[in-house]
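Dock chain B against chain A, hints included.
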Amino acid sequence: MTNWSAWLFWPDNVALSVFALGLLAMVFLYAARKPMHGIIHSSCTLASHGTRFVSRWLLQVSEGMRLRNQAVLLAHGQESEAVLIDREFERVGNLIRKDLQEFPALQRKMLEEATRIEDDYRKCGTVPPPSPEWVTALESIAQIKSGGDIPRTLLEDINKSIQKIHDKTIAEFRRSYEERHKILNAMQPSWRTVEKLIGEMDKKMVTLQTNAKQIDNHMQTFEAIRAKDSKAEHALTVSSFVQLAISALVMVIAAGGTFINYKLIALPMSEMVGASDYLTNSLKTSDVAALVIILMEASMGLFLLESLRITQLFPRIASMDDRMRRRLMIASLVFLTILAGIESSLALMRDMLIADKTALMRDLASVAPASSDGVLTSIPMVGQMVMGFVLPFALAFVAIPFESLVHSLRTVIGVALTQGMRGLGVLLRFVGLFFKRSAKVLELAYDITIVVPLMLERWAIAWRSGASVETEAVTLSKSRRAA
Amino acid sequence: MKTHFTVVLLLFVLLFSGACGDSRMHSHGVYMLVDTSGTYAQEANKASKIINYLLATLNPGDSLAVAKVESRSFTEKDIVAKVTFDKRPSQATSQKRAFKEKIQTFTQAVKPSAYTDITGALIQGAEYLNETNSGIKTIVIFSDMQEELGKGTVRDFPIDLDGFRIVALNVSKLRTDNADPRLYLNRLARWEARVRKAGATEWVVVNDLENNLESILVTRGTNG
Numbered sequence: 228m229t230n231w232s233a234w235l236f237w238p239d240n241v242a243l244s245v246f247a248l249g250l251l252a253m254v255f256l257y258a259a260r261k262p263m264h265g266i267i268h269s270s271c272t273l274a275s276h277g278t279r280f281v282s283r284w285l286l287q288v289s290e291g292m293r294l295r296n297q298a299v300l301l302a303h304g305q306e307s308e309a310v311l312i313d314r315e316f317e318r319v320g321n322l323i324r325k326d327l328q329e330f331p332a333l334q335r336k337m338l339e340e341a342t343r344i345e346d347d348y349r350k351c352g353t354v355p356p357p358s359p360e361w362v363t364a365l366e367s368i369a370q371i372k373s374g375g376d377i378p379r380t381l382l383e384d385i386n387k388s389i390q391k392i393h394d395k396t397i398a399e400f401r402r403s404y405e406e407r408h409k410i411l412n413a414m415q416p417s418w419r420t421v422e423k424l425i426g427e428m429d430k431k432m433v434t435l436q437t438n439a440k441q442i443d444n445h446m447q448t449f450e451a452i453r454a455k456d457s458k459a460e461h462a463l464t465v466s467s468f469v470q471l472a473i474s475a476l477v478m479v480i481a482a483g484g485t486f487i488n489y490k491l492i493a494l495p496m497s498e499m500v501g502a503s504d505y506l507t508n509s510l511k512t513s514d515v516a517a518l519v520i521i522l523m524e525a526s527m528g529l530f531l532l533e534s535l536r537i538t539q540l541f542p543r544i545a546s547m548d549d550r551m552r553r554r555l556m557i558a559s560l561v562f563l564t565i566l567a568g569i570e571s572s573l574a575l576m577r578d579m580l581i582a583d584k585t586a587l588m589r590d591l592a593s594v595a596p597a598s599s600d601g602v603l604t605s606i607p608m609v610g611q612m613v614m615g616f617v618l619p620f621a622l623a624f625v626a627i628p629f630e631s632l633v634h635s636l637r638t639v640i641g642v643a644l645t646q647g648m649r650g651l652g653v654l655l656r657f658v659g660l661f662f663k664r665s666a667k668v669l670e671l672a673y674d675i676t677i678v679v680p681l682m683l684e685r686w687a688i689a690w691r692s693g694a695s696v697e698t699e700a701v702t703l704s705k706s707r708r709a710a
Numbered sequence: 153m154k155t156h157f158t159v160v161l162l163l164f165v166l167l168f169s170g171a172c173g174d175s176r177m178h179s180h181g182v183y184m185l186v187d188t189s190g191t192y193a194q195e196a197n198k199a200s201k202i203i204n205y206l207l208a209t210l211n212p213g214d215s216l217a218v219a220k221v222e223s224r225s226f227t228e229k230d231i232v233a234k235v236t237f238d239k240r241p242s243q244a245t246s247q248k249r250a251f252k253e254k255i256q257t258f259t260q261a262v263k264p265s266a267y268t269d270i271t272g273a274l275i276q277g278a279e280y281l282n283e284t285n286s287g288i289k290t291i292v293i294f295s296d297m298q299e300e301l302g303k304g305t306v307r308d309f310p311i312d313l314d315g316f317r318i319v320a321l322n323v324s325k326l327r328t329d330n331a332d333p334r335l336y337l338n339r340l341a342r343w344e345a346r347v348r349k350a351g352a353t354e355w356v357v358v359n360d361l362e363n364n365l366e367s368i369l370v371t372r373g374t375n376g
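Chains as they are written, first to last, in my numbering: chain A, 228 to 710; chain B, 153 to 376.
A couple of the hints might just be wrong.
Chain B side only, calculated, beta carbon under 10 Å to chain A, not exhaustive [said to hold, decoys possible]:
hint	residue
1	N204
2	P212
3	A244
4	K252
5	K254
Hints in this document: simulated from the structure, not taken from any laboratory. The beta-carbon is built from N, C-alpha and C at its ideal position, and this holds for glycine as well.
This is chain A alone, in the form it adopts within the complex (with noise of 0.2 Å):
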């Protein structure tokens, strides 16, 4: 403890010495004034310059890292737009070549059908009755008046005969009609084809439709990127965010898999690679060698996918000529198949490992074995088989969200980066104008300790200045009397 006392001048009359102490050091402090408000004065200059010159360092680069992360956001959906204006360009194209190129032929199909339609309508115009040029004989022959009975006998004839005629000319007439209608009949086969294939190419244009204001939103969307618009770089960020998010959980569900798989194969990787070896004081070689086969098998999914042109994480792949990456694709095909019959005939060992084991253990407890039927019991061992031979295919398609995870991860990165720094640059400048205030502060604050010979000092100037203005007056009025 510090011992107080040794500073008292007079330790039995302490006021006395701290009054002492006091006034010594105001006098000091007010002698060291000058040099004093200097230090504070350069020490905060040189701070508030340092935040400042820091702060505006990060700002310039969180702005270069911003310019950055936009030109390769930019460029990653100019990429992605380009491909899916591509591919709708592709379904357009083959839209036109299925579809469309069927085209004169349907036309020629659709003309027949209506020159057949026209023909069958001609055939079907009506015809009138023949007009009756009898009657006029008729009218002459009702007109004499002598004859007696010829005439009456003759019209009852002709009557007759007329009867007979029309009968005639009825049923010709209604058999013309008939075949009208059973021409008509016929025709509607034909109205129904032209139908049909009006509405089909109905359906295709309104595909074709859609697909072109597809590709009219894609271009759209392409032309706001290359315009460098900032509605577009917006959207293009919060995509990223979003399938960070996605792809993320994908993962994570791949993981569960992942996990599940290697607790299938760790247990009989010891049968293989020896159960007592160590790498690490926790980590078992199996365990490891385990992990390994499961990394050999996303990595060969992986392959699989790029050089199915699924992913493009490795450009080098995406480049090679078709031959080649023909053979990648089954060189990968075949080692992933490979690999899930090992990992298949590893799911069956660990099986068969557990059975031998528990046996052990019953047989060492003296317990008899428990009763097994065929059928139930070998239900686990097929499912781990089948398991174990399925799940590397499963994983094989992990290599999609990953592709994705990784370009959202640089960009959500490069804004959190950006962000960060910005935030920090604004920070920093708070505290460089805090540190530039603070100097007058702490100078006043020093001020207030030596705040009497402060006020002796104004007085004595004052009464300097007094005294010589006195002096002044007295001088010149003798002058001017003088004068």
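Same frame as chain A, now just chain B:
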């Protein structure tokens, strides 16, 4: 390319810098002494159960030996069965079955010995376990811990049990202990002092064979 290689090499070194290299350092070595002197020979069935527990608990790569404590036990002839389990689990299981058969044969034909040379058996056990290079070395003594040496048997010299765990199992109370429990307590204290002086890292007494068998073996990682 050279830079990539250096980075990969560095990562590899970092990953495996903690590797021991010697797999034996992670293995258990257990040497079990079964007292066959006097009436304690009747406890052989209990010893058989303990051995079964050890067989069920030990892993591939571990070592196990069972020896009987007789009048003079510093000899390999007293080792009933010994095995270092294969690294492959399937082979280890077969070895465990064979070991169990040997122990069964032994327990069916135990002959009581006149004296009890625990010290000699301890020295023999320490020798065996040192040869196995096990990472964790445990000597299990299934005995009443009452040493009785025959004429001409010299055991009053310092022994070396550096790094060993000593587990005394089923230390039954003798008739004299019942009369004066201090004899029992002093006997245990004397043995503890002796093995600790010899460098043993741990001294454990397990009498509750139904519920406290886990104390016989330590799990990996807890032993230093």
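Query - Closest C-beta approach of B/K254 to chain A relative to 10 Å, hint status - result: For B/K254, the interface hint is violated, since the closest Cβ of chain A sits about 14 Å away, which is over 10 Å.
Query raised in the report: Would the stated hint for B/A244 survive a check requiring a Cβ distance to chain A of less than 10 Å?
Result: 8 Å, holds
Query - Interface restraint verdict for B/P212 against chain A (beta-carbon cut-off 10 Å) - result: With Cβ-Cβ at 4 Å, under 10 Å, it holds.
Query - Satisfaction of the B/K252 interface hint, Cβ to chain A closer than 10 Å - result: 7 Å, holds
Report task. Go through the hint on B/N204 and say holds or violated, using the shortest Cβ distance to chain A against 10 Å. Result -> 4 Å, holds
Of the hints listed earlier, the one the structure fails to meet is number 5.
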